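S.K.: In our numbering, the protein residues as written are 377 to 767.
Since the hints were derived computationally from the structure, they do not count as laboratory data.
Keep in mind that a hint or two might mislead.
Unchecked claim - Just the calculated beta-carbon pair ranges, DEER-fashion:
# : residue 1 : residue 2 : range
1 : Ile412    : Glu466    : 51 to 57 Å
2 : Met417    : Lys701    : 23 to 29 Å
3 : Asn689    : Glu515    : 55 to 61 Å
4 : Lys721    : Asn635    : 30 to 36 Å
5 : Trp574    : Lys647    : 38 to 44 Å
6 : Ala389    : Asn686    : 43 to 49 Å
7 : Asn507    : Asp473    : 16 to 22 Å
8 : Phe632    : Ile724    : 20 to 26 Å
9 : Ala451    : Leu735    : 44 to 50 Å
To be verified - With a straight-line Cα cutoff of 25 Å, these simulated BS3-like cross-link-like pairs (lysine-lysine) come out:
#  : residue 1 : residue 2
10 : Lys514    : Lys495
11 : Lys575    : Lys510
12 : Lys487    : Lys502
13 : Lys752    : Lys701
14 : Lys701    : Lys647
15 : Lys477    : Lys502
16 : Lys644    : Lys669
17 : Lys487    : Lys562
18 : Lys502    : Lys447
All values reported here derive from a predicted model rather than from experimental measurement.
Even glycine gets a Cβ: it sits at the ideal position worked out from N, Cα and C.
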Amino acid sequence: MNYAFIISMDNMADNIIINDTTLRDGEQTAGIVFSIEEKLMIARMLDEIGVNEIEAGIPIMGGDEKDAVKKINEAGLNAKIAGWNRAKKEDIYASLDIGLKFIHVSVPVSKIHIEYKLKKDFQYVKDNLINILKILNKEGVHYSVGGEDSSRADLGSVAEIIKIAEGEGAYKFRYSDTVGILNPIKIYENIRKIKRWWKFKNIMLEIHTHNDFGMASANSVAALKAGADSLSGSISGIGERAGNCALEEVIAYFNFIENRKIKFDFIKAKKLAKIIAKIIKRRIPLSKPIFGKNIFYHEAGIHTDGILKNPINYEGYPPEFTGAKRKILLGKHSGSSAIQYKLNKMGIQITGKDAGNMLAAVKAESAKLKRCLTDKEILSLYRNFRDYVLF
Numbered sequence: 377m378n379y380a381f382i383i384s385m386d387n388m389a390d391n392i393i394i395n396d397t398t399l400r401d402g403e404q405t406a407g408i409v410f411s412i413e414e415k416l417m418i419a420r421m422l423d424e425i426g427v428n429e430i431e432a433g434i435p436i437m438g439g440d441e442k443d444a445v446k447k448i449n450e451a452g453l454n455a456k457i458a459g460w461n462r463a464k465k466e467d468i469y470a471s472l473d474i475g476l477k478f479i480h481v482s483v484p485v486s487k488i489h490i491e492y493k494l495k496k497d498f499q500y501v502k503d504n505l506i507n508i509l510k511i512l513n514k515e516g517v518h519y520s521v522g523g524e525d526s527s528r529a530d531l532g533s534v535a536e537i538i539k540i541a542e543g544e545g546a547y548k549f550r551y552s553d554t555v556g557i558l559n560p561i562k563i564y565e566n567i568r569k570i571k572r573w574w575k576f577k578n579i580m581l582e583i584h585t586h587n588d589f590g591m592a593s594a595n596s597v598a599a600l601k602a603g604a605d606s607l608s609g610s611i612s613g614i615g616e617r618a619g620n621c622a623l624e625e626v627i628a629y630f631n632f633i634e635n636r637k638i639k640f641d642f643i644k645a646k647k648l649a650k651i652i653a654k655i656i657k658r659r660i661p662l663s664k665p666i667f668g669k670n671i672f673y674h675e676a677g678i679h680t681d682g683i684l685k686n687p688i689n690y691e692g693y694p695p696e697f698t699g700a701k702r703k704i705l706l707g708k709h710s711g712s713s714a715i716q717y718k719l720n721k722m723g724i725q726i727t728g729k730d731a732g733n734m735l736a737a738v739k740a741e742s743a744k745l746k747r748c749l750t751d752k753e754i755l756s757l758y759r760n761f762r763d764y765v766l767f
């Protein structure tokens, strides 16, 4: 099969639904706890950012969790507010009890999960799902169905669950790469097969990926290119184990590189990411795509020279799109053009030749300190050269 040809095909839906699971899968990260007030604040900010749906939590947990989902549901947000549920009556009634109009029902679809976790067979899964969905139909609520561990299930089994969900009236099916084992080529192939072979007409397909092998965002991009209608992920990719798809990464790719117009306020999302990082006491990595503090910092000589000539040389998108700032730093790898630029920014005009004469001292000082130089240190080096070296 010509995989390169497959990947080049663009079967992307016109309007992608963004479903944020920061408050559900994100909070399932080991050691993370959001208070009711924090969950409500995060939900409001997600709504301002522009997400279409918010998976607010798991009502069957009771206590603060149930209260938080209830308050979010009653907050008058534009986004659809959903609760996550197992295919169990007690879960469903816990969600209905707090007035949720959007219910997500998750069922295992892989042989591994059905046999080793559920300890049932596939027929039980199908029959039980039908019974649960009939309860939801009777209650008149909207619901989606999630195929847990879809990536380790055969596509025929996944399709059977989708067929049941569509037949009962679900508006969406979630294809979950629960343990993050797929790659972009394979997930593209699977989504295309589901779309082309079974031709489901009345149900959307959502992609939900995990980052166990560092491919959650790439897999989500591939799935959307293959025709998935909805993206499930979290702010900064927080989630169980290695995390989820980072919504900002996938949406940034489509908006900045493919010029799609997926509604998403990156500046507000970055602000929320910082707030969440403070709440959970986990710093955003400096080099994290989209939100990292250092991703527009340039030190290497060839790169800084290219940036100074035209930022497009070494930047995939302008930093102001996400509220970031570009910095030219001086260090071991710097070139003379960066020295000239930095001093000029300080109001000191020097020639390229003079900057070249300073270069060895800048490199030596950076190597000694094992870091880039501060403006104060750069100015001190310049004064030494000015006073003792004939330019």
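S.K.: The structure should be examined with respect to each hint, and the outcome stated for every one.
M.R.: Results of checking the hints against the structure:
Separation of Ile412 from Glu466 is about 22 Å and departs from the stated range, judged on CB atoms against 51 to 57 Å. For the pair Met417 and Lys701, the supplied restraint of 23 to 29 Å holds, since their beta-carbon distance comes to about 26 Å. Judged by the Cβ atoms, the range 55 to 61 Å given for Asn689 and Glu515 holds: they are separated by roughly 58 Å. At about 33 Å, the CB distance of Lys721 to Asn635 agrees with the hint of 30 to 36 Å.
A beta carbon spacing of about 42 Å between Trp574 and Lys647 agrees with the range 38 to 44 Å that was offered as a hint. Under the hint 43 to 49 Å, the C-beta atoms of Ala389 and Asn686, about 35 Å apart, miss the expected range. The hint said 16 to 22 Å for the Cβ distance between Asn507 and Asp473, and at roughly 19 Å that hint holds. Checked against the hint of 20 to 26 Å, the pair Phe632 and Ile724 fails, with Cβ atoms roughly 35 Å apart.
Between Ala451 and Leu735 the beta carbon distance is about 58 Å. The supplied range of 44 to 50 Å is therefore violated. For the given pair, Lys514 sits about 29 Å from Lys495 by alpha-carbon distance, which is inconsistent with the 25 Å threshold. At most 25 Å may separate the alpha-carbon atoms for a hinted pair to count; Lys575 and Lys510 meet this at roughly 24 Å. As the CA atoms of Lys487 and Lys502 are separated by approximately 13 Å, the hinted pair is consistent with the 25 Å bound.
Restraint check for Lys752 and Lys701: the C-alpha separation of about 20 Å stays at or below 25 Å, so the hint holds. Among the hinted pairs, Lys701 with Lys647 is consistent with the structure: their alpha-carbon atoms are about 14 Å apart, no more than 25 Å. As the CA atoms of Lys477 and Lys502 are separated by approximately 23 Å, the hinted pair is consistent with the 25 Å bound. Pair hint Lys644 plus Lys669 holds up; C-alpha atoms about 15 Å apart against a cutoff of 25 Å.
For the hint linking Lys487 to Lys562, the alpha-carbon distance of about 19 Å falls within 25 Å, and the restraint holds. The hinted pair formed by Lys502 and Lys447 fails the criterion: a straight-line CA distance of about 33 Å is larger than 25 Å.
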